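Sequence lines, in order, name chains L and D.
Okay, so the first sequence: first residue is 1 according to the working numbering, each after it adds one.
Okay, so the second sequence: first residue is 398 according to the working numbering, each after it adds one.
Rather than coming from a laboratory, the hints here were simulated on the basis of the structure.
Among the hints, a few may not be true.
Simulated restraints, written as ranges between beta carbons of each label pair [unchecked claim]:
| no. | chain 1 | residue 1 | chain 2 | residue 2 | range |
| --- | --- | --- | --- | --- | --- |
| 1 | D | ALA478 | L | GLU364 | 53 to 61 angstroms |
| 2 | D | LEU435 | L | LYS253 | 23 to 31 angstroms |
| 3 | D | ASP451 | L | GLU88 | 29 to 37 angstroms |
| 4 | L | PRO192 | D | GLU422 | 24 to 32 angstroms |
| 5 | D | ILE440 | L | GLU50 | 31 to 39 angstroms |
Source: prediction; values computed, not measured.
C-beta atoms are modelled at their ideal positions from N, C-alpha and C, and glycine is treated no differently.
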Amino acid sequence: MAPTLASAQTPDPLIVERQEWTQYLGDGVNAKPYGVPSKFEKDVVRREVEWLTASRQSSVSFTPLHALDGVITPNGLCFVRHHGGEAEIDPDKHRFMINGMVDKPLVFTMEDIRRMPGRVNRVYFLECAANSGMEWRGSQLNGCQFTHGMIHNVVYTGVPLKAFLNEAGVSAKGKWVLAEGADASAMTRSIPLEKAMDDCLVAWAMNGEALRPEQGYPLRLVVPGWEGNMWIKWLRRVEVGDQPWAQREETSKYTDLLADGRSRQHTFLMDAKSVVTNPSPQSPLKSKGPNVLSGVAWSGRGAIKRVDVSLDGGKNWRTARIEGPTFPRAMARFYVDFDWNGQELMLQSRAMDDSGYVQPTKNELRKFRGTNSIYHNNGIQTWLVRPDGSAENVEVS
Amino acid sequence: MSKSAKAIAFLALAVACTGGAFAGERAGLGRPALPEELKAWDIDVRPDGQGLPDGKGSVSDGEALFQTKCSSCHGEFGEGAGRWPVLAGGKDSLTSDRPEKTIGSFWPYTSTVYDYIHRAMPFGDAQSLKPDEVYALTAYLMNLNDLVPGDFVLSRGNFPKDLPNEKNFYDDDRETTEKTFWNNDPCMSNCKDKVEVTGHAAILDVTPDDQKDNKDEKPAGAVE
């Protein structure tokens, strides 16, 4: 049967009446030398959850995933997490040092860095290891911005870290590097030398323009597929050593406390994960009939190979359509075109990567991890969509 | 490889790549770091004590410093004022519903206390403390966590490596313990008998709302 189209009783004034934007001239070119989104998009902003942290200088804001599409996160909407406020650094005053177990410790200016051979462009997701960390004990925050918004996906321009290490000459005894930021937390993380020599980048641009200050301007480390905290912002130093440094962010924080009281350390890699971004609590269903379910998926182990979607809480699954590029360690976008007749839905998505890893349910994860580990919660999310179209973060059996 | 063998290998590569720089060759950018520069920036301290400077500090000096520079946020006894971090206590809490992860209950190494205080504290006036002050504050925090007596004086010579919880950390083993998550053929239909909702976020109602001020509500787990 052919679908019946909606009908109108009276002509639409938006069509039959001349509108002011049609009659009068708009702003001239360059009214805004740096363009900003339409005023009708003012709700599309990063948001914070004030009770999470004691101070805005050590806090987090969340990417509005429910309001975005495609695969690239706009620079001004990339979530922000920092531990000592947003450092403002004049690039002419920024220095980058390589030291430790190297033949020759070196200092680079931003000018030196931009002259390095071997510049690359790479798309990667950056996910905070604490993304979804509030959900270990059960559903808590009502919106994918808050449950999953500590992630962004942009294209970086930079030079492999390896090039700088080679320039200084790494000692044969080197096994780890320590990356350090120039901000008021002097953020540090130990990274295995193997990773540093593999795909880490020293980057100065995101999505084609200079890094945003809150993302580490003028220089940040890119550690593909690994926890966001390791992507040191305002990068000022990389030291080579023969053992890890056991810094505060790899002992007190970013270790995973398990049910038996023991803790996993060096859980660097972000496992495969996905979330339905629309519909979701901040983006309810408004119309019956044809609708587009949309979501994002990513994996630190490689490229997203497949995403399955369930409308009935995980009983039955269908494979979603992945649309757009699926680079390794980058976000992929998926869609399911579906008909909604007003029935209750329990929406879930399940990501698979090219290592064969399948995103587990939250209960499967809890079997191994308990509920105290804060980090690395990549369990399957459920949204309950009610007959009125509103959606809620729920847990299901 | 001997020097001459290296030279030959280098030549072979240079011949193979025509024109310009190539992978493995140094670009010759940057300049050597000076000893004063290394001293200023290379401040990290490792569990084995590498990086600890000369100096010493007592528990009692640390207590005095802590009350002037730290207690406004961390509380007089490291118990944490308001939502600021707790630095002491939490013993035997790691398997409970509300684990309290402190230097005494959770941290694996003493070096991290020294390194972090020097690097980042006091919050808002980082890297302002002298080595003697950092030793004293570290000693005081160890005392607050029942790790050293009140007359203890900390220095590089007696700097302890491990803290009590060190033995409970182990390296990432997800690829073996969680092997069942690799599955090329996940269930597609009739995967469970029934589905029941077991928890609702709306009942907790702690989600920020642009219209509503709910910053004082603090539910279960928080971000760290």
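task: Check each numbered hint against the structure and report the violated ones by number, ascending.
output: 1
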